[in-house]
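Trainee: Chains as they are written, first to last, in our numbering: chain A, 1 to 332; chain B, 1 to 332; chain C, 1 to 332; chain D, 1 to 332.
Just so you know, these hints were derived from the structure itself, not from any lab. The model shown is predicted, which means the values in this text are computed figures rather than measured ones.
Identical copies go unnamed one by one, so any copy, or any two together, can satisfy a pair.
Below, in silico cross-link-like pairs of lysine to any residue (SDA-like), each with a Cα-Cα straight-line distance of 25 Å or less:
no.: 1; residue 1: LYS245; residue 2: MET276
no.: 2; residue 1: LYS204; residue 2: LYS319
no.: 3; residue 1: LYS15; residue 2: TYR283
no.: 4; residue 1: LYS15; residue 2: ARG254
no.: 5; residue 1: LYS204; residue 2: ALA218
no.: 6; residue 1: LYS319; residue 2: GLY220
no.: 7; residue 1: LYS15; residue 2: THR289
no.: 8; residue 1: LYS204; residue 2: SER244
no.: 9; residue 1: LYS245; residue 2: PRO200
no.: 10; residue 1: LYS245; residue 2: THR262
no.: 11; residue 1: LYS103; residue 2: ALA299
no.: 12; residue 1: LYS309; residue 2: ARG324
no.: 13; residue 1: LYS19; residue 2: PRO255
no.: 14; residue 1: LYS245; residue 2: ASP199
no.: 15; residue 1: LYS204; residue 2: GLY141
no.: 16; residue 1: LYS245; residue 2: ASP273
no.: 17; residue 1: LYS19; residue 2: TYR283
no.: 18; residue 1: LYS132; residue 2: ARG238
no.: 19; residue 1: LYS15; residue 2: THR28
no.: 20; residue 1: LYS319; residue 2: LEU308
no.: 21; residue 1: LYS19; residue 2: THR288
There are 4 protein chains.
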Amino acid sequence: MAVNVALLGAGRIGKVHAKAVSMSEGATVVAVADAFEEAANALAQAYGARVSSIDEIAAASDVDAVIICTPTDTHADLIEQFVKAGKAVFCEKPIDLSLERVKSCLKTVEDLDGTLMLGFNRRFDPHFRAVKEAIEAGRIGDVESVHITSRDPGAPPPAYIQSSGGIFRDMTIHDFDMARFLLGEEVTSVFATASVLVDPEIGKLGDYDSAMVVLTTASGKQCAISNSRRATYGYDQRIEVHGSKGVVSAENQRPVSIEVATAEGYTRPPLHDFFMTRYTEAYAAEITTFVEAINQGQAPQPSGEDGLKALALAEAAVKSVAERRAIGMDEI
Amino acid sequence: MAVNVALLGAGRIGKVHAKAVSMSEGATVVAVADAFEEAANALAQAYGARVSSIDEIAAASDVDAVIICTPTDTHADLIEQFVKAGKAVFCEKPIDLSLERVKSCLKTVEDLDGTLMLGFNRRFDPHFRAVKEAIEAGRIGDVESVHITSRDPGAPPPAYIQSSGGIFRDMTIHDFDMARFLLGEEVTSVFATASVLVDPEIGKLGDYDSAMVVLTTASGKQCAISNSRRATYGYDQRIEVHGSKGVVSAENQRPVSIEVATAEGYTRPPLHDFFMTRYTEAYAAEITTFVEAINQGQAPQPSGEDGLKALALAEAAVKSVAERRAIGMDEI
Amino acid sequence: MAVNVALLGAGRIGKVHAKAVSMSEGATVVAVADAFEEAANALAQAYGARVSSIDEIAAASDVDAVIICTPTDTHADLIEQFVKAGKAVFCEKPIDLSLERVKSCLKTVEDLDGTLMLGFNRRFDPHFRAVKEAIEAGRIGDVESVHITSRDPGAPPPAYIQSSGGIFRDMTIHDFDMARFLLGEEVTSVFATASVLVDPEIGKLGDYDSAMVVLTTASGKQCAISNSRRATYGYDQRIEVHGSKGVVSAENQRPVSIEVATAEGYTRPPLHDFFMTRYTEAYAAEITTFVEAINQGQAPQPSGEDGLKALALAEAAVKSVAERRAIGMDEI
Amino acid sequence: MAVNVALLGAGRIGKVHAKAVSMSEGATVVAVADAFEEAANALAQAYGARVSSIDEIAAASDVDAVIICTPTDTHADLIEQFVKAGKAVFCEKPIDLSLERVKSCLKTVEDLDGTLMLGFNRRFDPHFRAVKEAIEAGRIGDVESVHITSRDPGAPPPAYIQSSGGIFRDMTIHDFDMARFLLGEEVTSVFATASVLVDPEIGKLGDYDSAMVVLTTASGKQCAISNSRRATYGYDQRIEVHGSKGVVSAENQRPVSIEVATAEGYTRPPLHDFFMTRYTEAYAAEITTFVEAINQGQAPQPSGEDGLKALALAEAAVKSVAERRAIGMDEI
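So here's chain A without its partners, still in its complex pose (with noise of 0.2 Å):
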């Protein structure tokens, strides 16, 4: 069975999900919706696409999944209306930046037994994903702690960050679902420590742009998440697991990997220094699994509630940051 996939929103992110459809086997973009007209006729003539209103694919019978890539306000109205048509449906992180619109969401899509993909790209890196599986496998032995570097190359404009929901909601929710993945056991207390070094027009909106978290859990697993709005030398993006036997970790990644040595030293190039070069080869993968899972019937991972936890983590944070203290999940 070929799945026709219909693209909501045909921007940056649009077009990297259009191109993975595309490539993937048994999915085909049939349609595409986007508010800026000329963005949605470019995509749709690149795969041979109509051009459609959100409505018109909500009720096309020839649409079995959506992939919602329009603006995080209008995410979990769209899951909404797209689960109630029927649709499976693929969308961006986050579901919405309130607790309680995303349990709302969640609850009607689980009312109707719908399908959702949430977008944690991350969990499809390669790199990422041998991690997961040398755990797996018990290379390590039991996971102790984890650690994660994740720093931007730089700080997104202002007007971004207006309508980001803070550091924690939108950079530090990939570490919150990648700490979760891989401690393999629910955070219980999250403590996090915040502030402005990089720029002070983030700190005049409210918000931080470096942090640091650490998230412990009932069996005293530890997590330890350092994040930046800077990196001058590229996407700074790296894991790192200890276990009662061992470490495993990855790497950063870079686009060219030669080395010059001259009196000097020895020099490296910098790494990628964009999230869609960093991690082209999981947007491919997270497209092709959320393919897969519709032609086999199975609910697609990461799901709504594991988009919903990473949520609650970040609003923890949040909390954390003004108390000063550990926050209890059991407080959120």
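The hints should help you fit chains B, C and D onto chain A, whose structure is shown.
Mentor: Below, chains B, C and D alone, put in the same frame as chain A:
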């Protein structure tokens, strides 16, 4: 202008090139020819192309260019046929195993002012390309020596060896081209030594599986090539270029770059174990280059002449092993 | 001027310091004291020194300086005795496990204008020192965060744990000193979390074997420390400092740096598995620094004050684990 | 039994060996001889030894062994004199630049059943030794090829070149010994090419500064050696040994191993820039081995025969460059 491309040969490498064409902007696969009908059908269908015979393609007015991925002994004839038919030609290496036949073929191409690009894919590997760019940017000063390590994961079957022309014409030829590409000066002398250490069957066929080659140029530049038909740890492809100001090197590539540390030590996974996964990007980039050259009316590189020169170096290596002395290129 | 040094304590670390003295230009071991006579004799003989009692050494006119490597609970008394006797004092960390006792001891040193250097050996490791120098040279701009990984190869025996003062005063204290050394700004707040994952016996003694600490400064700089009493792959000692212009890091050290690649992957040997082989150069360099400071009439670093501040951070960490909140240093 | 050692030659390398003797258990420096009195006095004083003449040392009943670090042209005579005097002899390489003189010297040593160890220090480098041990442990299966990169930080002064015997006898000789050490089979054929790329002055003296050598054995094993008198990034000393089951390699060494990452990339410091800091541990270990062999009444390795064979390979390399062909070792 869109370049309409026909594939001659729908095997393993044909599929790779077809995909590369389909992903190149301004290029389309329009026809596929293969003696094995099923293969031709499958490939044609995947890209919405028609199945044609060789002669139909030569005569087709809607075909601008052909990609030749048929067996080696058909290359020279096909190049001549399609250059005469006015098509731009991309041909897998080698043009032929006989130096004389290559020369006569290139004479035909030259007389007809034909367009011919040879598939030395490694020139398009992003890492090796970055080595070249570092040299051209003057980062290591004047090139003094080139060191090429090129070891296959495993030996090919006897049947392949028999029609391969021997290790120097089949395997080292890529390294000869890379040496020329990086030395920036023509090779004047070749010394080679070879032995059978991997598989006695290869020796029975009169070939070798382990070789070392030293090339020199008129100004005293040197190049060392190390070859083996066995590398248990994967496809070992390294380059190191020394110059008056320093050295630039390209490391090996692996599918995933995690590291596991236990009481036994620190372990990273093996390398790519297949040339097609190792050189995925290179295969795509060489076809893109071919298409761009056609669109811009320029002569594509590497040329037929590059193929001829690499083959002549292989010829010299064979002679050197037999005579246990350095062979001047003026002797070939 | 030659500095005549007496060793108080002829155990494991005493031997290391005696050798360092003998290899420092302008310094000689003249006397050794140890409650265990055989040990004193052996060490004295090896360096042509005499065996003396503590009080004899304090009274000896030919002794310029003492190196204290006796059990922790004797440190403060010995420091006071020898400062009063007019000797320059080098003392292994910590001065005492009680913050009050350390304060009163340092008061005595200060009142007498005594010379006291504390044995935070890691400041003298050539790799960590190079990190410090890179920071001071402005290579990473303004320091924003420090990341310290400090994991012991194995847990000490219960008897050691019992008199150690707990993981923060015994193990993390080195990291607290390194954090202060690299942050370049005093720590104002400490958050710590700790658990027992390695050895339940440690838990029964009221101590922890796994900890994470987050330090912050007034200007918003952050430091993360990760500790474990277990690292199967060796003595894991890494530092990473991020600044406005980049990051500088010091890698782990191993006795031999070969790599073996087979079908199973690429394997390097484990790290040093003992602090004395890992920090060989650091131990020698700290004693050389002590001798030079005496010869040049300068106050040696790290000072007693540095010892006090690191201990105060340990105190805050203990309190933070108990109260599950960030502890302001003004509370200690 | 303590071994009493006399130093013949109190220059740079003499100092290194004297220190190594003083740090070896069961060995003492008792006498020093040097034509330059001041040097002899300084070294003798540092280790509580006496200054003596060569002949006094040969006659001294309290001298068990001598370490010869005088100029090359005195080596053979001194070896003979001291073997005749019944002393164990450690001699810096080479025994002599003339193959005939070496042979006659070794004949004398053999006839007198003398003890002679030759200073091929690299065999004692812990990293290269670990390579050897990995081979002996069967980790890479049967050895198939050895790759030696050996590049000096800078060219020696013309005066040194003049009396050096040329690049193969002076510099490559270390690599020839290492090749024999690692191949585990005698070399039967040598091909070499050499040129002047670094310093024209070296060419005017009839020597070369850049060389490549290929060695082969009867069973078809191969070894490639790459030499240059220039390496801007430090003392480049790498070894790679391929076998039927895998490869083992020893990386370069640097004084400090930090890494700084900025917008320009990731930079590590240059390598050691001096053979004495690069091979500090090797120099100490070879003297310890010499002392232990004497104490245990065993013949020390590497032997005079090892020195002879390395020199013969150098001779063959010189001939190969001149005749542009592989030289059989039966021709030398």
